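> Chain by chain, the residues:
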Amino acid sequence: MKEFTLRERMTMARQTMPEQPPGERRANFSEVNLGFTAGLAVLEAQRCLMCSRTVCIDGCPVGVQITEFIDLVAEGDFDGAAKVIKRDNSLPAICGRVCPQEDQCEGACVLARKGRPIAIGALERFVADYERLNGLMTAEPPSVRSGKAVAIVGSGPAGLACATDLAKQGHDVTVFEALHALGGVLTYGIPEFRLPKEIVQAEVAQLEKLGVAFVTNAVIGMIDTLDDLLGEEGFDAVFVGVGAGLPRFPNIPGENLIGVYSANEFLTRVNLMKAYRPDSETPVYDVAGKRVAVFGGGNTAMDASRTALRLGAEKVAIVYRRSEEEMPARNEEIVHAHHEGVEFQMLTNPVEFLGDDEGFLTEMRLQAMELGESDDSGRRRPVPIAGSEWTEGVDMAVVAIGNSPNPLLPKTAADLEQTTRGTLVADDETGRTTKEGVFAGGDIVTGGATVILAMGAGRRAAASIDDYLRGGVWESKPAGVPV
Amino acid sequence: MCIFEILEARDLAPDVRYLRIKAPKIARRRKAGQFVIVRATPDGERIPLTIADSNAEDGWIALIVQGVGKTTKIVNLLEAGDAIRDVAGPLGMPSRIERFGTAVSIGGGVGTAIAYPTAVALKEAGSYVISIIGGRNSSYVLLEEEMRAVCDEVYPTTDDGSYGYHGFVTDKLTDLISERRHLDFVLAIGPIPMMKAVAEVTHPHGIETVVSLNPIMVDGTGMCGGCRVVVGEETKFACVDGPEFDAHQVDFDLLARRNRAYADFERRRDDEMDPECVIGRSHTAPGATS
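So the sequence lines, in the order shown, correspond to chains S and B.
Count along the first sequence from 1, then add 1151; that gives the number in my numbering.
Count along the second sequence from 1, then add 3; that gives the number in my numbering.
These are calculated hints, taken from the structure and not from any lab test.
Since we're looking at a predicted model, the values are computed, not measured.
Virtual Cβ for every residue (Gly too), placed ideally from N, Cα, C.
It cannot be assumed that every hint is accurate.
[To be verified] According to the in silico footprint, chain B covers these stretches of chain S (three or more CB under 8 Å from chain B):
#1 1246-1254
#2 1260-1267
#3 1368-1382
#4 1433-1442
#5 1571-1580
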């Protein structure tokens, strides 16, 4: 294999991942990114400077040994690279696709200063796919059993990450999922064209091989309370990772017109219930040839807008109250949405939805915004421009302005303390809640965040649950209570 | 993984089936007024169905299903020994059960099945319970015997006069009010026009009235917000805040419009599913009465 000098490495171009051409992909639900070839992966890996100070690893919420795995990719040992990643990240095929790398590992990469960070996400994805597609994934329940049982509530990223670590420690793990399908937001929220569901299913199958049991249709709080799980159901600890599943609406007139969806409902109908298939039994508003507005600037807004395009909408606009710079979505999603023809209507806010006699959405009143002082999030606050309102025709509106924590479980456990925002009070490091034996992590604790942050929280909770189960004591109050 | 086996299946009325399903955990938790989300086939839709009855000891719940859409029609083809793929619940808030002086339970068509468990619970709480069972004709007067076993008075009504009182449930209710009976509480469950009409009858008399709403749902756990209803100017999610609400505060017209959101889709799908259904198909539920 050819060895590059440091100077050569510093000047080589970042390899671009092949993708479906925008004109083609906007008409199908197949994955947009096609992934590195082995050749591209090796070339990209060889660009790595192998810094002694691994700032990329510091940038990873779960501490993947990035330089170590990239070194193996450069040598062509893709399976070995996958195994290195899996020491710290049980779901690399998913994270390689959905992590905001530009804010994490790639953002920290020293080559980022030159605008050419190592494509760590693409490499992670490549080795995970290589391992899966070549049947090299291994999982075996450890022979030494702890004799302890843990219930995981929610099969999203936090729950799956927590389940993996606990299963590897020899605990008996059962994951409870409210829906009929596993994966949480990975299944109902993120579209097929960004994260194929077969990948989620393959990861779940791995966990089953590790000995994890899954129970669907189990709405914890309703069918069993946390006390039931810790009592008669015989679990020694519970991890709550139920996510932030209660959609927020803008609270403006007309938001209950037919055609105004929460992003959760629109995406659930399309992703979980497969409404994009012609033979689907679950309907979704027929947008073929219609005008669609998506409100919000996060990944969910990008997903919803690109989904609407794929359902045949004639015009899709993202309406966001700040400017494109402030959008919280991953760069790649914003770029993809632009390329596919999504319009960006920035510094614009809805004030009213208008409909016809049958209650169908027909128009929206919008107003122009300008950026004022910075707010708590450090972003400049959008302020309405007086007298700037106008009306535009629209057939479907998707509200993607975030979620509140789902109150279903917390309200059935009085001793589980909540913040004023409805999130659970839990220690950031240990995931310990105010209820003995109950840990929590992910969006139910932080409010709407990312897949990888939820996974990180799930992993930290798993370590803390393991401590607790091996004779550690329960501290009555979590330290460092988040506000 | 749970298996939701059907223990008993029988016809209650044309297109209306009684299904007793093995679901021990749901049976143990379930309270009157709550519902389950059911999915019948591998790619099937999720539909909410109110639990009509249950037995914690024997581990079953009962559903009464009117075959109005594809999924309910499929469910109604099942027999004892078959299984339902997914049953999730119990969901929603339980009915508010108190000792009211006199409580009236009004059920229209298959709505009677939903009113039944609450009528039982109201009786158990010590209320004097009057049941009005409405049907388009005698075939759709459901659960009369069961109601008679628990209620103090039972009045079947039919739109066409083929059985019991000739008239709508609201006519019978108006009679009770004009007889100067003191009514403390009314529960009305049935087609939207019926529930709206009951609310209009009781409102001037200040009789506390509760209805159980049936908006379109997907997950049933608060996650999608598809089941938005407006109650007293405020948007509520029927799946987690309801399904029962103060009848005098509900925007019934909005609910009726939102429930027609997919009428075109459903018509197309029904036509594909069963050509015979096209003939004589009515978009009014067969048990509809007002």
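> Look at each hint and say if it fits the structure.
The hints, checked one at a time:
no.: 1; hint: 1246-1254; in the structure: violated (count 0)
no.: 2; hint: 1260-1267; in the structure: violated (count 0)
no.: 3; hint: 1368-1382; in the structure: holds (count 6)
no.: 4; hint: 1433-1442; in the structure: holds (count 4)
no.: 5; hint: 1571-1580; in the structure: violated (count 0)
Taken one by one, the earlier hints fail for this structure at numbers 1, 2, 5, listed in ascending order.
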